[in-house]
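If you read the protein sequences in the order shown, they are chains A, B, C and D.
The numbering of the first sequence is our numbering, which starts it at 246 and goes up by one.
The numbering of the second sequence is our numbering, which starts it at 246 and goes up by one.
The numbering of the third sequence is our numbering, which starts it at 246 and goes up by one.
The numbering of the fourth sequence is our numbering, which starts it at 246 and goes up by one.
In case anyone wonders, no lab produced these hints; they're calculated from the structure.
Check before you lean on any hint, since a few could be wrong.
What the hints assert, rightly or not - Computed list of lysine-lysine pairs in DSS-like fashion (alpha-carbon distance at most 30 angstroms, straight line):
1) Lys269/D to Lys351/C
2) Lys346/C to Lys346/D
3) Lys351/D to Lys327/C
4) Lys269/A to Lys327/A
5) Lys327/C to Lys269/D
6) Lys269/B to Lys327/B
7) Lys346/B to Lys269/A
8) Lys346/B to Lys339/A
9) Lys346/B to Lys327/A
10) Lys327/D to Lys269/C
11) Lys269/B to Lys346/A
12) Lys351/C to Lys327/A
13) Lys346/D to Lys269/B
14) Lys351/D to Lys269/B
15) Lys327/D to Lys351/C
16) Lys339/A to Lys327/A
17) Lys346/C to Lys351/D
18) Lys346/D to Lys269/D
19) Lys269/C to Lys351/C
20) Lys269/B to Lys339/A
21) Lys351/B to Lys269/A
22) Lys346/A to Lys351/B
23) Lys327/B to Lys269/D
24) Lys269/D to Lys269/C
25) Lys327/C to Lys269/A
26) Lys351/B to Lys351/A
27) Lys351/A to Lys339/A
28) Lys269/C to Lys269/A
29) Lys351/B to Lys327/A
30) Lys351/A to Lys346/B
What the hints assert, rightly or not - Far from chain B by the CB rule (all over 10 angstroms, computed), these chain A residues:
31) Asn275
32) Ser304
33) Glu305
What the hints assert, rightly or not - A partial selection of chain D residues facing chain C, derived with a Cβ cut-off under 10 angstroms:
34) Ala278
35) Leu319
36) Lys327
37) Ile342
C-beta atoms are modelled at their ideal positions from N, C-alpha and C, and glycine is treated no differently.
4 protein chains.
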Amino acid sequence: MANSDLESLRDALREFAHQRDWDKFHTPKNLAAALSVEAAELLEHFQWLTPEQSAELTSEAQAGVREELADVLLYLIRLADKLDVDLIEAAQAKLAINARKYPADKARGNARKYSEL
Amino acid sequence: MANSDLESLRDALREFAHQRDWDKFHTPKNLAAALSVEAAELLEHFQWLTPEQSAELTSEAQAGVREELADVLLYLIRLADKLDVDLIEAAQAKLAINARKYPADKARGNARKYSEL
Amino acid sequence: MANSDLESLRDALREFAHQRDWDKFHTPKNLAAALSVEAAELLEHFQWLTPEQSAELTSEAQAGVREELADVLLYLIRLADKLDVDLIEAAQAKLAINARKYPADKARGNARKYSEL
Amino acid sequence: MANSDLESLRDALREFAHQRDWDKFHTPKNLAAALSVEAAELLEHFQWLTPEQSAELTSEAQAGVREELADVLLYLIRLADKLDVDLIEAAQAKLAINARKYPADKARGNARKYSEL
Chain A
246 MANSDLESLR
256 DALREFAHQR
266 DWDKFHTPKN
276 LAAALSVEAA
286 ELLEHFQWLT
296 PEQSAELTSE
306 AQAGVREELA
316 DVLLYLIRLA
326 DKLDVDLIEA
336 AQAKLAINAR
346 KYPADKARGN
356 ARKYSEL
Chain B
246 MANSDLESLR
256 DALREFAHQR
266 DWDKFHTPKN
276 LAAALSVEAA
286 ELLEHFQWLT
296 PEQSAELTSE
306 AQAGVREELA
316 DVLLYLIRLA
326 DKLDVDLIEA
336 AQAKLAINAR
346 KYPADKARGN
356 ARKYSEL
Chain C
246 MANSDLESLR
256 DALREFAHQR
266 DWDKFHTPKN
276 LAAALSVEAA
286 ELLEHFQWLT
296 PEQSAELTSE
306 AQAGVREELA
316 DVLLYLIRLA
326 DKLDVDLIEA
336 AQAKLAINAR
346 KYPADKARGN
356 ARKYSEL
Chain D
246 MANSDLESLR
256 DALREFAHQR
266 DWDKFHTPKN
276 LAAALSVEAA
286 ELLEHFQWLT
296 PEQSAELTSE
306 AQAGVREELA
316 DVLLYLIRLA
326 DKLDVDLIEA
336 AQAKLAINAR
346 KYPADKARGN
356 ARKYSEL
């Protein structure tokens with residue numbers, strides 16, 4: 246039976262850390278800090294852009310952004326692994342919570358009212 | 246052919262935003278900011294913990310952390326969708342880059358030398 | 246001789262931590278994480294706003310933003326104190342570096358070229 | 246009458262932006278994002294260190310950290326200027342709030358109970 250894509254990445258990251266003896270650095274606290282740093286590096290690409298420019302990246306910016314998106318996903322998978330969290334199940338559960346929290350008819354077009362996806 | 250888990254979440258997020266007329270808020274710039282904010286909320290759970298405590302969360306903290314991990318994944322999927330980036334392909338490509346950048350024999354046990362997974 | 250405002254705040258924060266026996270939590274690492282979390286809470290106020298809205302905050306948002314600006318300054322002072330860094334001198338030195346890095350005649354009106362103040 | 250150190254830096258930053266025609270990029274939203282990015286660059290120096298290592302930086306790390314502390318202060322001053330917030334007054338007010346929120350006798354030595362300085 247084939248593993249899912251996320252499980253394959255999780256296993257590759259385990260092996261990657263093991264081969265380099267980096268498990269000792271990968272405490273949940275350190276990984277959460279690293280994830281936050283990567284998310285900021287992603288944001289850095291957008292910080293001076295207008296909303297319109299942010300939707301039409303140059304190909305150079307697009308390549309940089311793609312790498313940062315990848316870094317965020319890799320640390321996210323690694324941290325979830327260390328904490329025994331199933332990311333897909335957690336995301337599905339959170340989406341269900343958000344659907345109740347922001348009923349479509351009341352939240353319609355209103356940015357002030359929400360702080361979640 | 247069945248969609249993957251990430252594609253299912255992507256489609257659910259599209260529908261979620263469409264029903265609430267939130268696409269106008271979901272510029273890449275805004276989503277990158279929101280992703281960064283969620284990553285910081287995740288970090289907040291760990292900020293005062295010792296490395297050891299961060300590996301043994303209380304069940305209350307674990308539940309909060311699980312929700313923040315989910316939020317990060319949801320914004321990550323949404324942002325990647327807006328930028329037409331395949332997250333899995335991007336992560337696999339980045340992992341290959343990292344493997345060349347940090348050869349296992351040289352990187353062994355050395356935290357000072359690396360800043361990536 | 247009167248202390249400067251920043252030195253007074255530094256001393257007040259020392260006393261604050263001492264009275265609560267919080268020095269043990271205030272490692273530079275923890276304070277850097279806390280500072281980053283506060284900066285994200287500040288950003289959260291702006292994440293869905295248009296550039297124009299961000300320049301005309303509601304009085305409620307303005308009050309919230311003021312508190313987050315204060316939190317960032319307080320953690321910044323505390324961290325600089327723990328690291329024996331004089332913030333004013335460091336900022337003056339950095340500004341001089343930036344002036345050389347971004348000559349006014351070349352940097353004029355160009356956001357793509359710079360990533361600093 | 247002499248300006249305070251923070252006011253001098255504020256004025257220097259105004260002049261710096263004016264000479265480069267950068268005011269158009271310095272919306273509060275953009276400055277809040279930039280501040281958050283700088284705070285993450287500061288955190289990056291500490292992410293893999295033990296608590297003990299974070300209190301004994303190498304001189305190279307110390308120099309890098311000093312520059313990041315400066316960047317955070319510079320963006321903080323610039324953002325507060327754009328929002329007409331007096332940073333010192335805001336910090337003094339917040340410290341008074343925190344003193345009421347975390348009474349010394351109850352907060353003593355307890356990290357779980359607090360999330361502020």
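Pair hint lysine 269/B and lysine 339/A, alpha-carbon separation not exceeding 30 angstroms: holds, 22 angstroms
Asparagine 275/A and chain B, when compared Cβ to Cβ, separated by more than 10 angstroms: violated, 7 angstroms
Lysine 269/A paired with lysine 327/A [C-alpha distance capped at 30 angstroms]: holds, 12 angstroms
Given hint lysine 351/C paired with lysine 269/D - CA-CA distance at most 30 angstroms: holds, 16 angstroms
Hint consistency between lysine 269/B and lysine 346/A [alpha-carbon to alpha-carbon, up to 30 angstroms]: It holds: about 20 angstroms lies between the C-alpha atoms, which stays within 30 angstroms.
Satisfaction of the isoleucine 342/D interface hint, Cβ to chain C closer than 10 angstroms: holds, 8 angstroms
Distance rule for serine 304/A, whose beta carbon must clear each one in chain B by more than 10 angstroms: Serine 304/A is indeed farther than 10 angstroms from all Cβ atoms of chain B, at 12 angstroms.
Straight-line alpha-carbon gap lysine 327/C to lysine 269/D, limit 30 angstroms: violated, 36 angstroms
Lysine 327/D as chain C interface residue, shortest Cβ-Cβ below 10 angstroms: Result: holds, 7 angstroms to nearest chain C Cβ.
Pair hint lysine 346/B and lysine 327/A, alpha-carbon separation not exceeding 30 angstroms: holds, 24 angstroms
Pairwise hint evaluation, lysine 351/B against lysine 346/A, where the allowed Cα distance is 30 angstroms at most: At roughly 50 angstroms apart (the allowed maximum being 30 angstroms), lysine 351/B and lysine 346/A break the hint.
Satisfaction of hint between lysine 351/D and lysine 346/C, Cα-Cα up to 30 angstroms: violated, 50 angstroms
The structure does not agree with the numbered hints 2, 5, 8, 10, 12, 13, 14, 17, 18, 19, 22, 24, 26, 30 and 31 stated previously, though it agrees with the rest.
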